[in-house]
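Enquirer: Okay, here's what each chain looks like letter by letter:
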Amino acid sequence: MGVDSLSNTFAALADPTRRSILARLARGEATVNELAEPFPVSVQAVSKHLKVLERAGLITRGRTAQLRPSRLRGRPLKDAADWLEHYRDVWEASFDSLDEHLKEIQKGRKDD
Amino acid sequence: MTEPPTTEGARGFTLIRVFDAPRELVWEVFTKPEHFTHWFGGSDTAVPMETLAMDVRPGGAWSAVMNTPDGRELPFAGTYREVVEPERLVFTFDNTNDRSDPNVEVATVTFNDLGDKTEVVFNQTGHLPEDVYPRTREGTSTFFDALAERLAELQAQV
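Respectively, the protein sequence lines represent chains A and B. All residue numbers for the first sequence refer to this note's numbering, where the first residue is 18 and numbers rise by one. All residue numbers for the second sequence refer to this note's numbering, where the first residue is 92 and numbers rise by one.
Quick caveat, the hints were computed from the structure, so don't treat them as lab data. One should not assume that every hint holds.
Simulated crosslink set (DSBU-like; lysine-lysine; CA at most 35 Å straight-line) [to be verified]:
id	chain 1	residue 1	chain 2	residue 2
1	B	Lys208	A	Lys68
2	B	Lys123	B	Lys208
3	A	Lys65	B	Lys208
4	A	Lys68	A	Lys95
5	A	Lys95	A	Lys65
6	A	Lys65	B	Lys123
7	A	Lys68	B	Lys123
Please read all numbers here as calculations on a predicted model, not as lab measurements.
Turn these sequences into a full structure, and let the hints steer you where they fit.
Expert: Here it is, written out as structure tokens:
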């Protein structure tokens with residue numbers, strides 16, 4: 018996987034509206050109007066965000082007439098998750114030291 | 092700046108934009124259908140003139156129909172609550188599926204005179220789910236982009 022596609026994925030995820038759109042699409046496909054509900058003032062903004070998500074490959078859009086429902090594409094998210102997974106060991110090592118530290122503190126208290 | 096009073100449990104957002112036009116003109120573009128049709132809905136979304144009704148006085152009704160990019164029609168409707176030309180406009184967005192729903196969205200628009208420019212403070216409060224407001228704020232911002240274009244066109248004609 019190229020670094021560029023990972024950059025596109027994280028750039029696309031770096032926006033709360035786009036994350037909320039993806040969260041909605043995780044429950045099933047939806048049209049622009051459905052995504053703008055329940056207050057359709059946002060319909061044009063949603064439409065712009067869908068273009069960004071589509072370019073990043075995070076969604077695909079149907080070709081049927083005008084409705085063009087959007088659906089989630091899991092692959093780039095998996096690639097992003099795999100990349101983050103490399104750092105799990107770092108976290109686990111940190112949690113081990115935290116665990117040790119907490120034990121030390123509690124031992125200290127009991128000795129008081 | 093003083094925030095408009097909000098009712099308990101209400102949520103919302105405030106959007107501030109400075110427009111390069113005198114206050115009287117910005118007020119007109121907000122309150123007259125022949126201008127409103129050009130910016131409400133943003134530049135990619137049509138709100139045809141014939142669908143607009145704007146009875147701009149306290150208690151007067153407004154309504155509009157937006158044609159969305161996927162070919163559907165979305166109705167908007169509400170009531171003007173306060174009309175203080177050219178300073179302050181308060182109007183509602185009613186629930187068009189249930190006009191008796193008391194949980195309307197309330198937009199309070201303040202027009203601050205900066206001489207050749209006008210600062211518009213748009214505050215919306217209501218009872219939509221919390222995550223809807225950032226999208227609504229962005230939507231309103233795209234409307235204001237179109238509003239700025241309309242103002243530029245009008246001033247180029249002078």
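Enquirer: Looking back at the hints listed earlier, which ones does the structure fail to meet?
Expert: none
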